[in-house]
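Letter by letter, the chains look like this.
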Amino acid sequence: MGLVGLATEKILSSFSVFLFLTILLLAVARRISTSVLLFGLQSAIIAAEVLATAFQEKLPEVYIVGALVFVIKVVAIPRAFFLLTKRLKTVRDVKASTTPTQSVFIVAAIIYLSYAAVHSYGRVVHVPDDPLAAAVSLILTGAFLMVSRKKALMQMLGLLVLENGIFLAALITTFGMPLVIEIGIFFDILMGLLLMGIFTFRISDTFEHLDVSKLRKLRG
Amino acid sequence: MRIALDILQVLLLILGAPLVRAIIARLKARLQRRRGASIWRPYAELFKLLRKEELVPPTSSAVFRLAPMVLFGATIGAAAFVPVVHASALLGSRGDFFLFVYLLALGRFFLSVGALDGGCAFGGMGASREALVSSLAEAPFLLGLVAIAIVASRVDIAGMVAWTLGQNIFNISAVHILAFTSLAMVILAETGRMPVDNPTTHLELTMIHEGMVLEYSGPSLALIEWASAIKLHIMVALLIALFFPWGMASNGSGWGIAVALLLYCTKTAVLVILLSVIESSVAKLRMYLVPDFLGVASALSALAVIFTMWVKR
Numbered sequence: 001m002g003l004v005g006l007a008t009e010k011i012l013s014s015f016s017v018f019l020f021l022t023i024l025l026l027a028v029a030r031r032i033s034t035s036v037l038l039f040g041l042q043s044a045i046i047a048a049e050v051l052a053t054a055f056q057e058k059l060p061e062v063y064i065v066g067a068l069v070f071v072i073k074v075v076a077i078p079r080a081f082f083l084l085t086k087r088l089k090t091v092r093d094v095k096a097s098t099t100p101t102q103s104v105f106i107v108a109a110i111i112y113l114s115y116a117a118v119h120s121y122g123r124v125v126h127v128p129d130d131p132l133a134a135a136v137s138l139i140l141t142g143a144f145l146m147v148s149r150k151k152a153l154m155q156m157l158g159l160l161v162l163e164n165g166i167f168l169a170a171l172i173t174t175f176g177m178p179l180v181i182e183i184g185i186f187f188d189i190l191m192g193l194l195l196m197g198i199f200t201f202r203i204s205d206t207f208e209h210l211d212v213s214k215l216r217k218l219r220g
Numbered sequence: 221m222r223i224a225l226d227i228l229q230v231l232l233l234i235l236g237a238p239l240v241r242a243i244i245a246r247l248k249a250r251l252q253r254r255r256g257a258s259i260w261r262p263y264a265e266l267f268k269l270l271r272k273e274e275l276v277p278p279t280s281s282a283v284f285r286l287a288p289m290v291l292f293g294a295t296i297g298a299a300a301f302v303p304v305v306h307a308s309a310l311l312g313s314r315g316d317f318f319l320f321v322y323l324l325a326l327g328r329f330f331l332s333v334g335a336l337d338g339g340c341a342f343g344g345m346g347a348s349r350e351a352l353v354s355s356l357a358e359a360p361f362l363l364g365l366v367a368i369a370i371v372a373s374r375v376d377i378a379g380m381v382a383w384t385l386g387q388n389i390f391n392i393s394a395v396h397i398l399a400f401t402s403l404a405m406v407i408l409a410e411t412g413r414m415p416v417d418n419p420t421t422h423l424e425l426t427m428i429h430e431g432m433v434l435e436y437s438g439p440s441l442a443l444i445e446w447a448s449a450i451k452l453h454i455m456v457a458l459l460i461a462l463f464f465p466w467g468m469a470s471n472g473s474g475w476g477i478a479v480a481l482l483l484y485c486t487k488t489a490v491l492v493i494l495l496s497v498i499e500s501s502v503a504k505l506r507m508y509l510v511p512d513f514l515g516v517a518s519a520l521s522a523l524a525v526i527f528t529m530w531v532k533r
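Going down the list, the sequences are from chains A and B. Quick note: the first sequence, position 68, residue 68 per my numbering, numbers continuous. Every number in my numbering is 220 more than the matching position in the second sequence, counting from 1.
Treat the hints loosely; a few may be bogus.
[As the list claims (entries may be wrong)] No more than 30 Å apart at the CA atoms, straight line, and that leaves these computed lysine-lysine pairs for DSBU-like:
1. K504/B - K248/B
2. K95/A - K217/A
3. K95/A - K504/B
4. K214/A - K89/A
5. K487/B - K504/B
6. K214/A - K95/A
7. K86/A - K214/A
8. K86/A - K217/A
9. K86/A - K504/B
10. K150/A - K504/B
11. K487/B - K10/A
12. K150/A - K217/A
13. K89/A - K150/A
14. K150/A - K214/A
15. K89/A - K504/B
None of these hints come from the bench; they were simulated from the model.
Here chain A stands alone, though its shape is the one from the complex (with noise of 0.2 Å):
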């Protein structure tokens, strides 16, 4: 009991640092394998925080939300992906619009912004700063990434960062949303996912490639 009671409170208070971790490498990725594996991986790490939330408050429904977080985004999502590029058959370079080294420190700028941002507000609402920090660049750092990434799988995977960032906020600030809502986001997601998967096999069906700069073209 008291050894778990301490897992708990480390999660809850430094596992926010590997949150800033795996965005800093999915700054610097380079294959879009390797993104989804750093997206698994931060999942991983807030579906931890989710059930140490809810070993703490003693919120019987909020190991249903963790569960679910495994489960979709963990391991679900991730497969899909998998799926869609094997499926794609399309270039594994994830066609960075900035160097890794430009994104890496464009990442870490956001995230000393989010602290910044965070600091004050923390203090009102007495929720640390760690968490929340990281909550918000992962918000901004997901938006970057939808951003200055050209291949379209890797926009569904910024937006399921950005997606990350917000459930996360959700979860300092008010322990969880009711389950309720929850699944319905979770389910909001597989939905988003799915049609985004149909709009990428459309893509490179009619144009060949999955370059969505490409499609600037298309304008009259």
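Chain A is already provided as a structure; the job is to place chain B on it using the hints.
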């Protein structure tokens, strides 16, 4: 007693260095399903080289002969700053971590100058690459140490280790995690290990360290090889001392020292196994990707320094 222990630490770092290197080579061979050479072979090789005649290129000057000695001396000087079995070192409080970093840098500088002086084209190429890698690795190396120095509010390495020993193992902060990651990356680059440089390469075009020592022979080559082995061992010992020092002897009792030595060997073994697994599973980076690799390390260590602002201790 303390002095004797300090001297023992330096001797351990110097004399154990070829063994660490040999164990890595052996483990890598095993991972590739080869049998690998005996782990005592580097000692035999050093002994053989030290007895051999030294051949010097006719175009070279005194710098060529001088460089290996300066490299070896500087590396030993750096070794005197790293705590191994207890939280102090031979030159522990007589210099801060800047001196440690720049003693290593002095060695590298002389090695590349000596390589340029040798007059071989590959030596020059290796030296220019070494200059690129080391100038890029210097910033994250220093910043990572600065971050820990700020958290520990000490500037000497032995002092930082003593501070870390006083902490609870579970209270490791974000600063330590970031600094550890960046220092681990820097160490791969500094010691010329796999993603940056291939220590076993025989292809001159990809060589960095090996390219620089092509012209050396006999005792000079022995000194250079030994110095690079010592450097690897120092770096491993530094990682252990800064991030996992728990178990070091707190007083001078023989029992505590024996336990500390045993624990040190275990920790080194774990790091060495990790290193050989990384080396066998990662492909060497193209030369133009090395700046990206070290750029990531720089960003991590810069973040570590920034994070010290939010760590309240």
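Going down the list of hints, with the structure as the test:
For the given pair, K504/B sits about 15 Å from K248/B by alpha-carbon distance, which is consistent with the 30 Å threshold. Restraint check for K95/A and K217/A: the C-alpha separation of about 18 Å stays at or below 30 Å, so the hint holds. In summary, the hint linking K95/A to K504/B is supported, as the alpha carbons are separated by about 21 Å, within the 30 Å threshold. For the proposed pair K214/A and K89/A, the alpha carbon gap of about 19 Å is at most 30 Å, so the pair holds.
Restraint check: the Cα-Cα separation between K487/B and K504/B comes to about 26 Å, which is no more than 30 Å; the hinted pair holds. Pair hint K214/A plus K95/A holds up; C-alpha atoms about 12 Å apart against a cutoff of 30 Å. Pair hint K86/A plus K214/A holds up; C-alpha atoms about 22 Å apart against a cutoff of 30 Å. Our distance criterion of 30 Å between C-alpha atoms is met by K86/A and K217/A, whose separation comes to about 27 Å.
Taking the CA atoms of K86/A and K504/B, the gap is about 26 Å. The hint holds against a cut of 30 Å. Distance restraint check for K150/A and K504/B: the Cα-Cα separation of roughly 26 Å lies within the 30 Å cut-off, and the hinted pair is therefore satisfied. Distance hint between K487/B and K10/A is fulfilled; the C-alpha atoms sit about 23 Å from each other, no more than 30 Å. With a C-alpha separation of about 14 Å, the suggested pair K150/A and K217/A falls inside the 30 Å cut-off, and the hint holds.
About 16 Å separates the Cα atoms of K89/A and K150/A, which keeps this hinted pair within 30 Å; it holds. Pair hint K150/A plus K214/A holds up; C-alpha atoms about 9 Å apart against a cutoff of 30 Å. Pair hint K89/A plus K504/B holds up; C-alpha atoms about 26 Å apart against a cutoff of 30 Å.
In summary, the structure agrees with every hint in the numbered list given earlier.
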